[in-house]
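*Asks:* Construct all of the structure, not just a fragment, from the sequences and the given hints.
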Amino acid sequence: MTNKTILKFGAVEHAEAGDLPGWIAVEGQPTMQTAVQHTTSDGKVISGTWRASPGTYHATYTDYEFVHMIAGRIIITPDGGTPVEVGPGDAFVVEADFKGTWKIIEPVTKHFVVRVG
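31 is the number of the first residue of the sequence shown in my numbering; add one for each residue after it.
It is worth saying that the hints were derived from the structure and are not from the lab.
Here the structure is a predicted model, which means the values were calculated and not measured.
Hints may contain errors.
[What the hints assert, rightly or not] Label pairs and their calculated CB-CB ranges:
#: 1; residue 1: 35; residue 2: 114; range: 26 to 36 Å
#: 2; residue 1: 119; residue 2: 88; range: 38 to 48 Å
#: 3; residue 1: 36; residue 2: 58; range: 31 to 41 Å
[To be verified] Here are the simulated DSS-like pairs of lysine-lysine, each with C-alpha atoms no more than 25 Å apart in a straight line:
#: 4; residue 1: 129; residue 2: 74
#: 5; residue 1: 38; residue 2: 74
#: 6; residue 1: 34; residue 2: 74
Don't be surprised by glycine CBs; every beta carbon is placed ideally from N, CA and C.
*Replies:* Given below as structure tokens:
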């Protein structure tokens with residue numbers, strides 16, 4: 031019997047390499063990989079795993095995101111705002127109107143949930 035109401039994320043086998051829309055490398059040569067591991071039937075919520083190497087991106091968000099950090103360390107600074115450092119075990123949200131930098135200090139692995147639109 032297959033359980034259709036619970037989906038446990040397994041190993042990331044197929045991650046797409048390349049910067050996300052609205053993300054521009056501004057320091058170093060960071061790279062990222064995104065693996066969408068689940069999409070709701072209406073397409074309004076996606077979740078999965080994201081990995082990134084050290085460097086800095088300027089990010090412009092258009093969607094709400096919930097994040098649970100698995101590994102790594104990031105300093106996130108909203109444009110004109112106060113830096114926030116996050117690391118393994120931390121959980122946080124990024125509102126849809128966020129604009130600012132993600133300075134990836136140590137290689138990152140995070141789980142994410144994004145509400146599209």
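*Asks:* Run every hint past the structure and note whether it holds.
*Replies:* Hint-by-hint comparison with the structure:
no. : hint                   : result
1   : 35 <-> 114: 26 to 36 Å : holds (34 Å)
2   : 119 <-> 88: 38 to 48 Å : violated (26 Å)
3   : 36 <-> 58: 31 to 41 Å  : holds (39 Å)
4   : 129 <-> 74             : holds (22 Å)
5   : 38 <-> 74              : holds (19 Å)
6   : 34 <-> 74              : holds (18 Å)
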